[in-house]
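Enquirer: Take a look at the letters that make up each chain.
2 protein chains.
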Amino acid sequence: MTRSWRSQQDDRAARLAIAAPLARGKQVAAVDTTALLEALIRPHDRVCLEGDNQKQADHLAQALAAADPARLHDLHIVQSGIVLAEHLDLFARGIARKLDFSYSGPQSGALVHALNAGTIELGAIHTYLELFSRYFIDLTPRVALIAAVSADTDGNLYTGPNTEDTPTIVEATAFKDGIVVAQVNEIVDRVPRVDIPGDRVDFVVEAPTPFYVEPLFTRDPASVTETQILMAMLALRGIYAPYGVRRLNHGIGFGTAAIELILPTYGESLGLRGKVATHWALNPHPTLVPAIESGWVERIHCFGSEVGMDGYIAARPDIYFTGRDGSLRSNRAYCQAAGLYATDMFIGATLQIDLAGNSSTVTADRIAGFGGAPNMGADPHGRRHVSEAWLRAGQEAGDVGPLARGRKLVVQLVETVGEKQAPAFVERLDSLDLAERLGLELAPVMIYGDDVTHIVTEEGIANLLLCRGADEREQAIRGVAGYTEVGRKRDRAAVAALRERGVIRRPEDLGIDPLDATRQLLAARSIKDLVRWSGGLYWPPPRFRNW
Amino acid sequence: MTRSWRSQQDDRAARLAIAAPLARGKQVAAVDTTALLEALIRPHDRVCLEGDNQKQADHLAQALAAADPARLHDLHIVQSGIVLAEHLDLFARGIARKLDFSYSGPQSGALVHALNAGTIELGAIHTYLELFSRYFIDLTPRVALIAAVSADTDGNLYTGPNTEDTPTIVEATAFKDGIVVAQVNEIVDRVPRVDIPGDRVDFVVEAPTPFYVEPLFTRDPASVTETQILMAMLALRGIYAPYGVRRLNHGIGFGTAAIELILPTYGESLGLRGKVATHWALNPHPTLVPAIESGWVERIHCFGSEVGMDGYIAARPDIYFTGRDGSLRSNRAYCQAAGLYATDMFIGATLQIDLAGNSSTVTADRIAGFGGAPNMGADPHGRRHVSEAWLRAGQEAGDVGPLARGRKLVVQLVETVGEKQAPAFVERLDSLDLAERLGLELAPVMIYGDDVTHIVTEEGIANLLLCRGADEREQAIRGVAGYTEVGRKRDRAAVAALRERGVIRRPEDLGIDPLDATRQLLAARSIKDLVRWSGGLYWPPPRFRNW
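Sequences listed follow chains X and C, in order.
All residue numbers for the first sequence refer to the working numbering, where the first residue is 1 and numbers rise by one.
All residue numbers for the second sequence refer to the working numbering, where the first residue is 548 and numbers rise by one.
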C-alpha cells in the first residue's frame, strides 16, 4: 500500500516552510500579512475568515482581499458572518468562489446582488451550531484567520469578552492539521488569561487597529413603542407566568427588549421575581440591566459580549461567566447548545408569518441568514429532562399517557402591521419568492410552524399547542392577525370558539387594560437611564449617547 | 444596594485559602487528596466527578468516597457517567444525595437498587449534549474533579486521546468561579500539547495509578452473527446506497459493527466506495479499520478514543483529528453536536420497539441511561443545510411544495428475537413499567417513533417515511417483526400492499439472497484479523487477545 496517511501534515509543513521567512517565531509584521496569507493559502482551500456575529478579523479580511487573485482564487469561505465589505470583495475579485455561512446582517442586500450576479456559489445558509458542527465533519477549514485581543510570543491568545466562535474554529482547524493565523490588538509578555492555547496557533499579527466589534444587541429604550409594551405585558402574564418559564433565550428585537424593561415594574406587580426568567442563554443585553439590578436574574451565559457592557459584566461576576482576569468569557457554540437543550423557551420577533405559523425574516431583496434563531426556536427531540414549563406545554399539545413528553415553548412576537404598513401576516412568505428566484433548494424559513407554540400580537395570544388540526391552527393565527387581510378573513364563529377554549386570549382575558401599556412601565426609558441603573458601569457606544 | 455581586468569587477564595496549606503551587500529594476535597467542597455543592463514557477520574472518586460524611454530605452530582462503584458509594455513604447524569453502563443494575432504596434522589437522565448544555444554565458545577494524562507545574493539562468531556466541564466550572481539581498520571516539565490551559485549573494531583479507561467500543468480529450480516447487507443496499449517505454516525452494537466489516467486501461489490460512509462522527471503532485501510473513509471526528487504537490513530492523521503531539484529539460536546446537526443518518441497534416505533434499551431492572443516542437519533428542526440524503428522506415523508424540507435518517437495527428468546417487538415497552415503579416523570424512551425513519430486521426493511398515518406505520412495523407475537398479528393484506408500494422491502426485493449472508463477507473475522488489517498498529486490550 503506497498511500500516504500524512498528506495533510506534509502539506501543512510545506506551507509553513514557505511562510517561515516572514516570521520571527510566530510573529509576522502587519505589512507582511498579505504575503503571509499568499504563502499559507492555496487555491480552492476552505478558509474561515473569522466573521462572527460581533467580532471581526478585519485586518486579516483586508489583507486577504488584497491578495493576488492569480495566486489565491476559488477559495471556499466557511464562516459565521458575512459582515464586512471585504467579505464580499473576496468574491468580487475571484479570490473566493463558494460560500457557506450563517448570518449576513449589514451585507444582506449586497449578498443578494452577488448571488444574482453569480459571483458567489452558495453552499448553504446555516444556523451557527449547525455550521460549527460541519467544521468537524465535512466543512473543516484548511486555514483559519481569527481575531483576539492579545497574544504572547508563544501564541497563547486572550480573546477578551468576545470569545464567541474562536475556540470552535481553532479546534476544528488546528486538530485537523490546518493552519491558524491570529490578528491581535497587541502582543504582550503574558496574556491576562489563555482563551486559546498557543500550540494551536501558527502565526500572530499585531493589527494596526483593534478588531471591529459590532454592537448588535443594544436597543434604545427610547424607541420602545406602547404596542411593544402591550405585547410584553401579554407575554409576561399569558406565557411566562402560567408556564413558570425560568430558563430562556430572548431574541434581539425591541419586542423582547420591552419584556426585559418591564420585568422590574409590571413583572414585579405580578409577583414573578424569582419565579420566571432567572437563568438565561443571552448576550449581555443592556436592557436587562434594570432586571439584574432588581434581583431578577441568577445567571446568564453569553454567546458573545456587547459593546459598552464589559465594565458592567466585570462588576457582576455572580451573574455572568467570567475568567480569572475578571472579564466575560463568552462561547457561541456552548451557548447555542444551551439555547437548544437547556432552556424551556425561545421568544423572539419575526417579520412575516404565514397561516401555518411558518415565519421568516427574509424580505424580497435581502438574505440576512439564520444566525441562531432556528436552532433555539426548535423543539429538540433529543431532550430527556423535564421541567414544569416543558411538561405543561407537552400536555397542552395533547401529549398524555405513559409515553407523554414535553415541548419547548417557541414564541413569536409579531406586530400585525410592520414597517411601511406591510402586513406581518401573509398567505405566502416573501422568502419563497426569493428562494425561487435564486434557485435555493430550501426556502429560508426562520422557524417552522410545527415548532411554534404561541404567537403574540397586540390583539392577543394564540396558543397553537391547544389547536387540534390545521384548520384550528389557521383560525387561531387569523384570530390574532388584527386588521391585516389575513386577520379580516377570519371565521368569526371559529375564532370566538377558540377564545372560549382559551386558545386565543385577548388582553382583557388576561386582566390587561391596553391603556395601561404606557412607557411609564419601562424601568428605563433611555440609554441614559440604563447607564444610571448600571451605576455608571455601562458605557454605551457613541452612536447611542445623545446627552 | 448592599448586595454583593462577587459572592462566588469570595466563596472560592475562602475555600482556596483553606486548601492552600495542602499544596505546593498547584500540586497536592495523592495522600492528601481526601483532605483537599474536604477543604474545597461544601455540603450541598454541585460536583462533577468526571465520569465520562470512557475516561474515569478514579483516584478522585476514591478520595471523595473516602471523605467524612459529617463534613461532606448531600452533594449534587452532575456528570455524564455513573460507571465506577465509587460513584454509587458516594450516595450509599450520604456524601451525595442528588444525581443528574447521562449514562450508567456497568452500574445500571446497582443504580436501580439505589433508586429503589431511596439513597439517590434522581434529577434527570440526560443525553450528553443536553447535560453539557445545562452546565451553562442551571447545573453549573461548583467543583469539577477531572482526569488528564499529564500536567505541568502551571496546571496546563494534556488529556491524551481521551479528551472527551473535559474541556466542557472545565469551561463551565472555571468560568463561573468554580474550582477545578485534576488527577494526572504524571507531572512533567512540559505537556505534549495543552488540552486545558493551566489558568483554568486550581489543583493537580499525581494519581498513584493511571486513570481507568473503559474499552466500550471494541466488538469482536468473531461474535458477529449471520443474522447481523444479513441485516447489514439490507442496510447497505436498502438505505446507504439509495440515499447516498455520506455523513453518519453508527451505534456501538454488533449490528453496526457488521456493517463496518462488510464495507470492503459487500459494499465494494455494490460499487459504493467513495459514495457512502465517507465522513463520520464516531469513536475509533476497531471494526472500521478494514474500511479505512480500503480507502472508504475520508474523515472521522471522535467523541473519545478507544483502548488499543491510539497507535493506529496516530499513524492515520489524514483520517482522524489529532494534535501537534500526534495523538487523537477527541471532544464529546463537539462530536455530539456534529452527530446532531452535520450527519444525515444515525443507525443503531435497540432492544425493544413498540407498534409506533418508540424504542428503548431499558430492561426491567436496569437503567443504562441515554448517552448520545437520543441526540443523534433525533431530527433536528434547526437544520438549514441540504444534502441529497436529507432531501430525499423529506420527499418520501411527503414533504413537498415550496416549504418542503428534508429529514434526518434514523435507522433502528432490531433482531426480531433478542437474548433469551425475548421478542424485540412489543405492544408496550418495559421501560414504561420501570418508569411507573420509580415514579419517573418521563418514561425512558431512547428514540421516539416519530423520529425513526427505517426499521431493519432479518425479515426486511420498513420505511416509515413512506407510511401515511398510524395504521400504516403499525402494519409496516408488524410486517418486519418476524415470528414475534407482534409480527404474527399482522394484517397480511395490508402488509402485502405496503410491500407492493416499497414501504416494506424483503431481502429478495433488494436482490439479496439470505444464504449469501455468511461470515465470509466479513473483512475481518476476529480481533487478530483487525490487528493484521491495522499493520500491527492496533493493540487490543488483553481481554480481547486470545491468541
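Do not rely on the hints blindly, as some may be mistaken.
[What the hints assert, rightly or not] Lysine-lysine pairs mimicking DSS-like chemistry, simulated, CA-CA at most 27 Å apart:
hint, chain 1, residue 1, chain 2, residue 2
1, C, 822, X, 98
2, X, 489, X, 420
3, C, 1036, C, 967
4, X, 275, C, 645
Because the hints were derived from the structure by calculation, they are not lab data.
Enquirer: So, for every hint listed, does it hold in this structure?
Expert: Comparing the hints with the structure gives:
1. Distance hint between residue 822(C) and residue 98(X) is fulfilled; the C-alpha atoms sit about 22 Å from each other, no more than 27 Å.
2. Between residue 489(X) and residue 420(X), the direct Cα distance comes to roughly 22 Å. Compliance with the 27 Å bound is thereby established for this hinted pair.
3. With a CA separation close to 22 Å, the supplied pair residue 1036(C) and residue 967(C) stays within the 27 Å bound.
4. Proximity of residue 275(X) to residue 645(C) is assessed by CA-CA distance (about 22 Å); at most 27 Å being required, the pair is judged to hold.
In this structure, none of the earlier numbered hints is contradicted; all agree with it.
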